[in-house]
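Enquirer: Residue strings, one per chain:
Protein chains: 2
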Amino acid sequence: MNQIAPRRSGGRAARRAVRSAPVSDAMRAIRPGMEGGRYTPLTPAEVERIHQTALDALEQIGLADAPPSGVAYLTAAGAIEGEDGRIRFPRALIEDTIARANRSVTLMGRDPRHDMQLSGTRVHYGTAGAAVNLVDVDGRNYRDCTVQDLHDAARICDVLDNIHFVQRPMVCRDIADNMEMDLNTLYACCAGTTKHVGVSFTERAFARKGMEMLHLIAGGEAAWRERPFVSNSNCFVVPPMKFATESCEVMEECILGGMPILLLSAGMAGATAPSTIAGAIVQATAECLAGLVYVNAVKPGHPAIFGTWPFGLDLRTGAMTGGSGEQALLTAGCAQMHRFYDLPGGAAAGITDAKLPDMQAGWEQMCSNVMAGLSGLNMVYEAAGMHASLLGFCLESLILGDDLIGHAQRCVRGIEVDDETLALEQIRQVCMGGPGHYLGTAQTLARMESDYQYPKTANRMSPKQWVEMDKPDLNAAATARKEAILSQRSAARFAPDVDAAIRAAFRIHLPV
Amino acid sequence: MNQIAPRRSGGRAARRAVRSAPVSDAMRAIRPGMEGGRYTPLTPAEVERIHQTALDALEQIGLADAPPSGVAYLTAAGAIEGEDGRIRFPRALIEDTIARANRSVTLMGRDPRHDMQLSGTRVHYGTAGAAVNLVDVDGRNYRDCTVQDLHDAARICDVLDNIHFVQRPMVCRDIADNMEMDLNTLYACCAGTTKHVGVSFTERAFARKGMEMLHLIAGGEAAWRERPFVSNSNCFVVPPMKFATESCEVMEECILGGMPILLLSAGMAGATAPSTIAGAIVQATAECLAGLVYVNAVKPGHPAIFGTWPFGLDLRTGAMTGGSGEQALLTAGCAQMHRFYDLPGGAAAGITDAKLPDMQAGWEQMCSNVMAGLSGLNMVYEAAGMHASLLGFCLESLILGDDLIGHAQRCVRGIEVDDETLALEQIRQVCMGGPGHYLGTAQTLARMESDYQYPKTANRMSPKQWVEMDKPDLNAAATARKEAILSQRSAARFAPDVDAAIRAAFRIHLPV
Numbered sequence: 001m002n003q004i005a006p007r008r009s010g011g012r013a014a015r016r017a018v019r020s021a022p023v024s025d026a027m028r029a030i031r032p033g034m035e036g037g038r039y040t041p042l043t044p045a046e047v048e049r050i051h052q053t054a055l056d057a058l059e060q061i062g063l064a065d066a067p068p069s070g071v072a073y074l075t076a077a078g079a080i081e082g083e084d085g086r087i088r089f090p091r092a093l094i095e096d097t098i099a100r101a102n103r104s105v106t107l108m109g110r111d112p113r114h115d116m117q118l119s120g121t122r123v124h125y126g127t128a129g130a131a132v133n134l135v136d137v138d139g140r141n142y143r144d145c146t147v148q149d150l151h152d153a154a155r156i157c158d159v160l161d162n163i164h165f166v167q168r169p170m171v172c173r174d175i176a177d178n179m180e181m182d183l184n185t186l187y188a189c190c191a192g193t194t195k196h197v198g199v200s201f202t203e204r205a206f207a208r209k210g211m212e213m214l215h216l217i218a219g220g221e222a223a224w225r226e227r228p229f230v231s232n233s234n235c236f237v238v239p240p241m242k243f244a245t246e247s248c249e250v251m252e253e254c255i256l257g258g259m260p261i262l263l264l265s266a267g268m269a270g271a272t273a274p275s276t277i278a279g280a281i282v283q284a285t286a287e288c289l290a291g292l293v294y295v296n297a298v299k300p301g302h303p304a305i306f307g308t309w310p311f312g313l314d315l316r317t318g319a320m321t322g323g324s325g326e327q328a329l330l331t332a333g334c335a336q337m338h339r340f341y342d343l344p345g346g347a348a349a350g351i352t353d354a355k356l357p358d359m360q361a362g363w364e365q366m367c368s369n370v371m372a373g374l375s376g377l378n379m380v381y382e383a384a385g386m387h388a389s390l391l392g393f394c395l396e397s398l399i400l401g402d403d404l405i406g407h408a409q410r411c412v413r414g415i416e417v418d419d420e421t422l423a424l425e426q427i428r429q430v431c432m433g434g435p436g437h438y439l440g441t442a443q444t445l446a447r448m449e450s451d452y453q454y455p456k457t458a459n460r461m462s463p464k465q466w467v468e469m470d471k472p473d474l475n476a477a478a479t480a481r482k483e484a485i486l487s488q489r490s491a492a493r494f495a496p497d498v499d500a501a502i503r504a505a506f507r508i509h510l511p512v
Numbered sequence: 001m002n003q004i005a006p007r008r009s010g011g012r013a014a015r016r017a018v019r020s021a022p023v024s025d026a027m028r029a030i031r032p033g034m035e036g037g038r039y040t041p042l043t044p045a046e047v048e049r050i051h052q053t054a055l056d057a058l059e060q061i062g063l064a065d066a067p068p069s070g071v072a073y074l075t076a077a078g079a080i081e082g083e084d085g086r087i088r089f090p091r092a093l094i095e096d097t098i099a100r101a102n103r104s105v106t107l108m109g110r111d112p113r114h115d116m117q118l119s120g121t122r123v124h125y126g127t128a129g130a131a132v133n134l135v136d137v138d139g140r141n142y143r144d145c146t147v148q149d150l151h152d153a154a155r156i157c158d159v160l161d162n163i164h165f166v167q168r169p170m171v172c173r174d175i176a177d178n179m180e181m182d183l184n185t186l187y188a189c190c191a192g193t194t195k196h197v198g199v200s201f202t203e204r205a206f207a208r209k210g211m212e213m214l215h216l217i218a219g220g221e222a223a224w225r226e227r228p229f230v231s232n233s234n235c236f237v238v239p240p241m242k243f244a245t246e247s248c249e250v251m252e253e254c255i256l257g258g259m260p261i262l263l264l265s266a267g268m269a270g271a272t273a274p275s276t277i278a279g280a281i282v283q284a285t286a287e288c289l290a291g292l293v294y295v296n297a298v299k300p301g302h303p304a305i306f307g308t309w310p311f312g313l314d315l316r317t318g319a320m321t322g323g324s325g326e327q328a329l330l331t332a333g334c335a336q337m338h339r340f341y342d343l344p345g346g347a348a349a350g351i352t353d354a355k356l357p358d359m360q361a362g363w364e365q366m367c368s369n370v371m372a373g374l375s376g377l378n379m380v381y382e383a384a385g386m387h388a389s390l391l392g393f394c395l396e397s398l399i400l401g402d403d404l405i406g407h408a409q410r411c412v413r414g415i416e417v418d419d420e421t422l423a424l425e426q427i428r429q430v431c432m433g434g435p436g437h438y439l440g441t442a443q444t445l446a447r448m449e450s451d452y453q454y455p456k457t458a459n460r461m462s463p464k465q466w467v468e469m470d471k472p473d474l475n476a477a478a479t480a481r482k483e484a485i486l487s488q489r490s491a492a493r494f495a496p497d498v499d500a501a502i503r504a505a506f507r508i509h510l511p512v
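If you read the sequences in order, they're chains X and D. Using UniProt numbering, the letters of the first sequence map in sequence onto residues 1 to 512. Using UniProt numbering, the letters of the second sequence map in sequence onto residues 1 to 512.
Hints are computed from structural coordinates only; laboratory data are not their basis. Just so you know, not all the hints are guaranteed correct.
[Unchecked claim] List of simulated lysine to any residue pairs, SDA-like, C-alpha gap at most 25 Å:
hint	chain 1	residue 1	chain 2	residue 2
1	X	K482	X	R113
2	X	K242	D	M432
3	X	K242	D	E425
[Said to hold, decoys possible] Between beta-carbon pairs, the in silico distance windows are:
hint	chain 1	residue 1	chain 2	residue 2	range
4	D	R103	X	D144	55 to 63 Å
5	D	L256	X	V467	42 to 50 Å
6	X	R428	D	P496	56 to 64 Å
7	D	M432	X	E203	51 to 59 Å
Each residue gets a CB set at the ideal place from its N, CA and C atoms; glycine is no exception.
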């Protein structure tokens, strides 16, 4: 609440009284899992054509480079290994898989109040990525990011209402050994938040070690399998149309270990995917359908997220760009394919090419985030903090992103139309013998919290107030909030005995 | 073009060759008047309920305070003056008016290449408003804006591709006399741009004087009436449900003078309109329908824009806020009502509550702008430059807004789906015996300019390049572009004899 504007005294006392009452979760204007879907970039006929073309690609072109274990799973399910080593997928196999796949996945948090129900057009926003730099706003610097930065990011996410899950957004550049990096990534995320966590593993053996840590955190394997609070972000393909051999092995391990899978196809339109938006969606869809067959061949009905993540390029330079209008369309188009299949789906939005949290960062992050939400994307990954076309992660931007996503969520919630909201009687009473304004009406007061979403860090002061308050700077306000959050003891930290057990079994880089 | 990234040399020479060719207007990825409409915040049943409730409000509540001339026009058309002085509108009158109204309006520029065809879901973005401050980015100051600032804004808009019209965004605080202010506003805008201009007049007599100036600019009254390049932004109502007496008189004068009318209803949800989004849309729709009857009663078929502009409030403080999710929904919902009526429509988007062009400004401006475009709003007013909930106008932000709107327009253009864009054959060639990537394919090269939209000021450099270039600041880049534009002689200035004639007839404050 950053503004006390001078205005008529009419309903002020009454508004103050309402304001002083705490807002229950049910009364908040926004919440995780609100239903989007009012934006449909593709017509039904266009969706059908993309689907049919993806089936053609799977049947005629197929995917290369499956690991031997994958070839065994896939051919047993009905896929065909060609003379050229490519695995091709008959249409019936794809259609049967779609029909039988798990279409209502719960991604759980270590704390059950953070559980996310992925189905229909329910929308959730969170972090993701593999940034190699931390963006230091105050010094305008990019530096290698560390396991401490990752842990700090998780801790900040833990207290931000509009960040619904924490997929690892940064790689720990201060840990050279790949296995140690994977395991410390898992530790740093889980020790920072009780929201759902997403991580990757480089090799099958590392995933196996990760499961051991998760059993310790959960209090045993059974408890982990009952409520798996970590999913595997799995780049199972190297676009175009090749399986990523080692990632596929990791995927098998995770499935067997009871971990939900994000089937992540990250083609780059114009480089590793066609340059057209429709073509990039076709290829990503085909690849994820192949992945869906794979997952269901290993374990029928295993929870999987249809992760069509095509990215944009700047075709003039061949460099990645995630902050474009083309990117927003790629993601929204993919969301519509997920709805067509009625499968839990995710894609990337909220990326900016800006190096700092400046105006460009704001418009680029909002455009794809709000379009993703309006299109009903279940999981909006990379939604906050991601700068420089995914190379940098910024904690101040993450905090501002909480406001930005709240704003987008309010749009996802949409417009309620009923007798009360249409307000004919209210208009009549106000205009005909009434006060001639709506400031103090019961209807206005009642909707102050339930209908309106208020930013926490963004500034709504009048210019006069802003001058009186010494012209507060937005990024400085975010830095202050970051420091306040990180100065608190995290509520997500492990119990001392659990932590000791983990540290006894693994080389944990974060200090106790 | 701010980036030369290191990458494989594959198709680089070829891309350079394509890049060196100039891009024709037809080949640009975006253009004015692209069709939106893939986003529909309201269901058809909800739209119908809003319509019926607006008809109820007009029939049962009606509008007060019409001027005597308006009462005469409206009652002659079939409206009913009540004992209480309110004018009520039978449903049949409204429905007949909608059926007979002008549904394809051309808003002309002084240069015909800037003509805008308002119909269907064709989208145009431009400025508007009545800011009282100019935002000085470098000094972080708000100061009274002047006629020179207004002229500078028009000149900048004239060269920005994605600002399609120039409705007066600032009031000239340095001109005390109301008539002189109105006439100098008209001069400052028209002398700065050959795009379509929008202005207001305080009194009927000032509008008449404005027409005299426009006849001089056009080369006579007949030439003006043939191609009216200025529209009247007319706040014909004082919500809730009262005609603005003097503005209605101005409107009559403008209609008779051949000037298109923007029927502007600017209620504030929670103050002068219901606090619910649906209710605010109902009231704005009712008010604009009353205005439509009025315009058509004065002159059947006169070009009018259905200007439902409900604004949001921060209900905690009662202060205006234009940068909220609620605001984006208000505007998108109104756009859907325009489509329902198949009438040319406009509303406000792109407003931010931020005081400076910071990250908040970016996300707030983008959210409502892209949703307005996707909902197919014909005229997106206040789309660029508008800060502090409409109190401040910022020239740097206007320049950055050109990129922001270009980005939104790319989203409005949407996803093309045809055999070529679906790219099955390309995928086959690339994957089966081909290069394994799409970097140098003919299809990729061909779409570099026609499909991809590139920002002019926003920064896509890699962190490495950004450091090498001394970490360019976004706002400083905008300031540099502003200074470059304003250092050039404006192509929109009047011929010397025309200018002399205007200056002989009117007291023009801008220097020759």
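Enquirer: Do the alpha carbons of X:K482 and X:R113 lie within 25 Å of each other, as the hint requires?
Expert: Answer holds: X:K482 to X:R113 is near 24 Å, not above 25 Å.
Enquirer: Does D:M432 sit within 25 Å of X:K242, going by the straight-line distance between their CA atoms?
Expert: Cα-Cα ~11 Å, so holds.
Enquirer: Just tell me: holds or violated, for the beta carbon distance of X:R428 and D:P496 against 56 to 64 Å?
Expert: holds, 59 Å
Enquirer: Can you tell me whether the CB distance of D:R103 to X:D144 sits inside 55 to 63 Å?
Expert: holds, 60 Å
Enquirer: X:K242 and D:E425 were given as a pair; does the straight-line alpha-carbon distance stay at or below 25 Å?
Expert: holds, 17 Å
Enquirer: Take the C-beta atom of D:L256 and the C-beta atom of X:V467, compute their distance, and say whether it sits inside 42 to 50 Å.
Expert: holds, 45 Å
Enquirer: Taking 51 to 59 Å as the stated bounds, is the beta-carbon spacing between D:M432 and X:E203 within them?
Expert: Cβ of D:M432 to Cβ of X:E203: about 30 Å, so the range 51 to 59 Å is violated.
Hint compliance for this structure: hint 7 alone is broken.
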